[in-house]
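Given only the sequences and the hints, what does the whole structure look like? Please build it.
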Amino acid sequence: MKKILNFTLNGDPYEVAVKPKTTLIELIRDEIGLTGPKVGCNAGACGACTVLVDGKAVDSCSVLALQVEGHHVETVEGLADGEKLHPLQEAFLDDGGYQCGFCTPGMLMAAKSLLNENPDPSIHEIRHGLSGNLCRCTGYVRIIDSIHDAAQRMKKEGGES
Amino acid sequence: MSEFSVIGKPIRRIDGVEKVTGAAQYTTDIKLPGMLVGKMLRSPHPHAKILNIDTHAAEKLPGVKAVITGPRDTLGVKYSNWRRYPHLMDETALAMDRVRYIGEPVAAVAAIDNDVAEEALSLIEVEYEILPAVFDPLEAMKDGAPKIHEGPTVRNNVSEARHFEFGNVDEAFKTCDYVREDTFYLHSVVHAFIEPYNSVARYEGDGHLTLWTTTQTPYYIQTLLAMALGLKEGNIRIIKPHVGGGFGGKMELFSDQVVASILSMKTGKPVKVELTREECFEGGRRRHPMYYTLKTGYMKDGRIIAKEAKLYTDGGAYNAMGPTSLYLSGFFQMFPYNIPNYRYDGFHVYTNKIPATAMRGFGGPQAEFTCDSQIDMIAEHLGMDPAEIRLKNRMEPGHVIPGLAKVESCGIKECIERAMESTGWKEKKGKLPKGRGIGMGCYGFMSGGVFNWINSPYAYSGAMVRVNVDGTVNVYIGSAEIGQGSDTVAAQIVAEKLGVPMSDINVIRGDTHTCPPDLGAWGSRQTLMVGNALIMACDQVLEKLYKTAAALMGPNVVYDYAAKDGRIFIKERPERGLDFVEVVKAAIRADEGNQIIGRGYYTPHDKGMVSPAYSFGAQVAEVEVDEETGKVTLLQVTTAHDCGQVINELGVEGQLEGAFVMGQGYTLSENLVTDQGKILNPSFVDYKLMRAPDVPENFTSLMVETYEPEGPFGAKEAGEGLTNPNAGCIANAIYDAIGVRITDMPITPEKILKALDEKKKKRQKDKRNE
Amino acid sequence: MRDFDYIAPKTVEETIKVLSEYKDDAKIIAGGQSLLNILKQDLMAPEILVDIKNLSELDYITYDDKDGMKIGATTTHHAVETSPLVLEHYPILAEMEHTLAFPQTRNWGTIGGNLCIQDPTGDVAPILIALKATVKIVGPNGERTLPMEDFSVDYYETVLEEDEILAEIQIPAVAPKTGIAYSKFRIVEGDAPIVGAAVAFTLNEDGTCADARIATNGTAPIPLRIPDAEAVFKGKKITDALIEEAVEIAGEAMECIPDIVASDEYKKRVAKVYVKRMAKKALSQIQ
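First to last, the protein sequences are chains R, F and V. Numbering-wise (my numbering), the first sequence opens with residue 1 and increments by one. Numbering-wise (my numbering), the second sequence opens with residue 1 and increments by one. Numbering-wise (my numbering), the third sequence opens with residue 1 and increments by one.
Don't take each hint at face value.
[As the list claims (entries may be wrong)] Derived, one-sided and incomplete: chain V residues facing chain R with beta-carbon distance under 8 Å: (1) Phe4; (2) Tyr6; (3) Glu14; (4) Gly32; (5) Gln33; (6) Leu36; (7) Asn37; (8) Lys40; (9) Asp42; (10) Ala45; (11) Gln104; (12) Thr105; (13) Asn107; (14) Trp108; (15) Asp154; (16) Asp211.
[As the list claims (entries may be wrong)] Derived pair list, reagent style SDA-like, types lysine to any residue, alpha-carbon separation capped at 25 Å: (17) F:Lys754 <-> V:Glu248; (18) R:Lys21 <-> V:Asn141; (19) V:Lys70 <-> V:Asn141; (20) F:Lys544 <-> F:Asp470; (21) V:Lys10 <-> R:His71; (22) V:Lys23 <-> R:Thr22; (23) V:Lys27 <-> R:Asn10; (24) F:Lys434 <-> V:Lys70; (25) F:Lys266 <-> F:Leu123; (26) F:Lys428 <-> F:Ile378; (27) R:Lys2 <-> V:Glu47; (28) R:Lys84 <-> F:Leu650; (29) F:Lys631 <-> V:Asn141; (30) F:Lys269 <-> R:Glu31; (31) R:Lys21 <-> V:Tyr22; (32) F:Lys31 <-> R:Asn10.
Read the hints as simulated data drawn from the structure, not as lab findings. In this text, a Cβ means the ideal position worked out from N, Cα and C, and glycines have one as well.
See below:
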């Protein structure tokens, strides 16, 4: 039996009917149709499905859709401000923070969550903050650099995030 | 190389914005109206005869649109990339009368959603007669072992044997001061690309089919799918959207591709088949485990005179790309050294496990682990510096391996020297405090394979370049961007050749209906092969444009022309030139409006049996070993890599880092564990990939630039070779740190403790005997 | 995953009522970071999921000098990790939370949920045992309170009856001259522990040991408190030799289970190393 769920997605209010067993990633990808967040393992181990709930990174494969009742969900699609890319996105582009791109939407959201909490993280803190996100292409080095770079850019821009 | 405008410059990739905004579409993101869900039923047995498959109950389930089995609904054609060698083609999309590994697809359903599809699978009844199974290649080769495949060429489950030999190995051994023999074991790991296998098929009617799929080789899929379905190759359109990684695991035709197609043909609806992560393990591919024996003869001064390598590889239930991994492992065993007398024997053995195939390094990681480990043992025996013995035996530019390879550019000497210098090797080797150590590994790798197993009549790569009337350029390539950045490299090559900005290049790729045939992404081939095809295509375009420019400018002698920075000008008098767009317009008008199109292809000539060019590199790792737990921490890693001319530095560095961390996992944590053919860790929870906190904090990439005459702008391989030295390099560093050598991969903390215990016991015993 | 019904009660009282009604047809979900994987594999098929993730009544961290800390069961790991109160009074707890699983897990997963799943390798329980924590359980017949070490029964099994929930974790104020340390062994950082050890020492004014606590994870079906090893220190000055003695006794108590990552023998050996290291570390923290 479907239940009614109210939440906001990238700032837009949604009212949807979902089966209780629907996970948040299934709601976002299959029903709402935003395909930025990806499914890599469906077991909370790869982080490709990472989205923000109330500003904090979660694995959307490991959250039931109904559990975000009343919460604010952000996906990679909500990161840029229209045409203007977020400093994290700019840094990933300039510093080679992605290759195949499949883990990237989750990486970016894990990074956003980290910077929300700690706008000036050390390299060590960034490494630690990405422990839930697998990347098989880059060896993480450039992703870590990109996030460090983004933090510096954001500091220059005056803390805007 | 300051004369370049785009090559070697820090340039953003052309697929960047869509990838960082989440707009990039992968096969898994495709949703078509009326699309059904396809799912496969897999064998629970490692080896069994299929006596009967009853699909009645599944067919009756509401929401089920089709149920298919091998014998009833497929042509049963055996396929694989080995079209040129049909005796090696041994696999079908769905089992016909026998299953040979746990996870082998047996039947499939199409249903309105995932839940119904899963329920339908549970209603299919398969009657099996369980057969004896065998899981180890050495066991499988014994007389009386279960026969996994019938067939005139398979003997004792050996599906392929490889032998090559040059010099006079037996005589050479006799002349050596020392001969040593060591044995090694290499374990199994998986590709672990983050995008699972998945496909969407849409039957268009009348023998036409479109398949979107995550693949490294669209052309292989097109041609093999035609074979499996009995359709014409040209009527099958393979679309490769963005691909979430491959690493060798997506270069063959897979069941999901065939099954989605058949289900779409049966139902008239689009069908998506998406494997779960668990299915990617159980029904996927892996790297070959190998039993490796090396016998090496050497002199007191460190010269290696003769080598004999023998290996038995656990190929799993089907050949997949195993015969090539086997061949290349024997080949890369020589790299990057000058071995005057060499003999290699390799055996590809069937077992009742998932098939092993190409995986980043293609037989090289196994070869270099054994080679690098043994070279260090030899150096220790002789009291030599391991770097010195490597330098002493290195290949030189122009090296010829009789009957196999011609090496043109070779920067291994510079690579070793720069890696030593950058890491302070001489000050550190053997001198670090106890528990810390430094090690080296060296490698050489191919820049594309001179192999045509698929028996394509087409060239290795093809390219088409069309200049539009406004000066923008459409580039059509059949190569496969799977994350490595090859589309950007292609755009850079065209931008450089035509002198147009990157923003005016449109790369059209990943569609067999619009793009030229190409053998795809494997063996680090795309930069060199597509690059050369693009250069040929650009040269055709330029010839036309130069003629037009000459007509427009009317110089009084015949000059050579050049294109750069949006201009076409006289090479010797750069101030005399015309705007690129002006020349393009004139050229089109002058030719009755005919489009300006250049076509190019690449086929290697006179390059031996393996590759047109070889990259080289040296790697140094510094480790710390916790002697109470055996845990290894990587402190610093430095790689000096010779990829010829660097086209995209960020891309090369990213490849080197990614390859290293994959190798780090191979060495220290990853292990596909099976028991009686059953995979015990088929998830990212239990299969341990390296995570961000694990990678070395200090990673240095040094570019050693040589010029490769066969490469576009002098470029060669950068993506794969560096997977090869990691295990040996780390093993050597561990030995330097704590004096124990692990020859049985992976190097787990537990094995290290065991080895330390044994060392201690031996020391005590030696003391007692004194 | 099979279909199930779903209810998100607004209060603890309502939760107990629902549980009493559905009994073993119901399963509680809090953060669900482990439970969803269990459900996805069809290892469990409840008729109804009772979601307490958003039960704000159990989402709190309080502290007073007399009673110590109270942490509501639906408090997230992240909230514990970053709580100024936790950082001030039990920094070891924050430190442990900081390395528990992944940021994603910590942001959504709850401390109560973690304890109730009763994964034998879990990080939380050993620290709580070392901190002498108790857990408050609420059911239809009211409350009961148990020492942390009595909460777990077996693999993935706790003392909770089907109509009870874990409501609160209570941690007494830390005595003066106390040192506490916890660490875990992993081959891949960010991964689940293979084994871990928590050690707490409280010293008397004369420097002898007033109290010792030793607890390990990954060494038995449940988090293991090892009283025999603790007893070694009572009333004595803690020396390396005593620590070695305790480590050997601790090893006797461990029943490690071999798996694909490591043998039982190896796990025990490393767990002993961690007991030793944590004992030394805990001791070094006491002024």
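The hints, checked one at a time:
Because the beta carbon of V:Phe4 sits about 6 Å from the nearest beta carbon in chain R, less than 8 Å, this interface hint is met. The beta carbon of V:Tyr6 comes within 3 Å of a beta carbon in chain R, closer than 8 Å, and the hint placing it at the interface holds. With a least beta-carbon distance of about 16 Å to chain R, the hint placing V:Glu14 at the interface is violated under the 8 Å criterion. Checking V:Gly32 against chain R: minimum C-beta separation of about 6 Å stays under 8 Å; hint holds.
For V:Gln33, the suggested interface contact is upheld, since its CB lies about 6 Å from the closest CB of chain R, less than 8 Å. Hint on V:Leu36 holds. Least Cβ distance to chain R is approximately 5 Å, under the 8 Å limit. Satisfaction of the interface hint for V:Asn37 is found here, the shortest Cβ-Cβ separation to chain R being roughly 5 Å, below the 8 Å cut-off. Annotation: V:Lys40 was flagged as interfacial toward chain R, and the flag holds, the nearest CB pair being 7 Å apart, inside 8 Å.
For V:Asp42, the suggested interface contact is broken, since its CB lies about 11 Å from the closest CB of chain R, more than 8 Å. Hint status for V:Ala45 relative to chain R: violated, with the closest Cβ pair at about 11 Å, above 8 Å. Given the 8 Å rule on beta carbons, the hint for V:Gln104 holds: about 4 Å separates it from the nearest Cβ of chain R. For V:Thr105, the interface hint holds, since its Cβ comes within 8 Å of a Cβ in chain R; the closest pair sits about 7 Å apart.
At about 4 Å, the closest approach between the beta carbon of V:Asn107 and any beta carbon in chain R falls short of 8 Å, and the interface hint on this residue holds. For V:Trp108, the suggested interface contact is upheld, since its CB lies about 4 Å from the closest CB of chain R, less than 8 Å. Because the beta carbon of V:Asp154 sits about 24 Å from the nearest beta carbon in chain R, more than 8 Å, this interface hint is broken. The interface hint given for V:Asp211 is violated, since its Cβ lies 33 Å from the closest Cβ of chain R, which is over the 8 Å cut-off.
Restraint check: the Cα-Cα separation between F:Lys754 and V:Glu248 comes to about 20 Å, which is no more than 25 Å; the hinted pair holds. For the proposed pair R:Lys21 and V:Asn141, the alpha carbon gap of about 31 Å is over 25 Å, so the pair is violated. For the hint pairing V:Lys70 with V:Asn141, the CA-to-CA distance comes to about 22 Å; that is within 25 Å, so the pair holds. In summary, the hint linking F:Lys544 to F:Asp470 is supported, as the alpha carbons are separated by about 16 Å, within the 25 Å threshold.
Restraint check for V:Lys10 and R:His71: the C-alpha separation of about 16 Å stays at or below 25 Å, so the hint holds. A hinted pair counts as satisfied when its Cα atoms are at most 25 Å apart, and V:Lys23 with R:Thr22 qualifies at roughly 24 Å. For the hint linking V:Lys27 to R:Asn10, the alpha-carbon distance of about 31 Å lies beyond 25 Å, and the restraint is violated. For the hint linking F:Lys434 to V:Lys70, the alpha-carbon distance of about 46 Å lies beyond 25 Å, and the restraint is violated.
Using a Cα cut-off of 25 Å, the hinted pair F:Lys266 and F:Leu123 holds, with the two alpha carbons roughly 20 Å apart. With a CA separation close to 19 Å, the supplied pair F:Lys428 and F:Ile378 stays within the 25 Å bound. For the hint linking R:Lys2 to V:Glu47, the alpha-carbon distance of about 15 Å falls within 25 Å, and the restraint holds. Taken as a hint, the R:Lys84 and F:Leu650 pair is honoured in the structure, with Cα atoms around 24 Å apart against an allowance of 25 Å.
Note on F:Lys631 and V:Asn141: the hinted pairing is violated, with a Cα-Cα distance of about 50 Å set against a maximum of 25 Å. A threshold of 25 Å between alpha carbons decides the hint, and for F:Lys269 with R:Glu31 the separation of about 20 Å falls inside it, so the pair holds. Restraint check: the Cα-Cα separation between R:Lys21 and V:Tyr22 comes to about 18 Å, which is no more than 25 Å; the hinted pair holds. For the hint pairing F:Lys31 with R:Asn10, the CA-to-CA distance comes to about 22 Å; that is within 25 Å, so the pair holds.
When each numbered hint is compared with the structure, violations occur for hints 3, 9, 10, 15, 16, 18, 23, 24 and 29.
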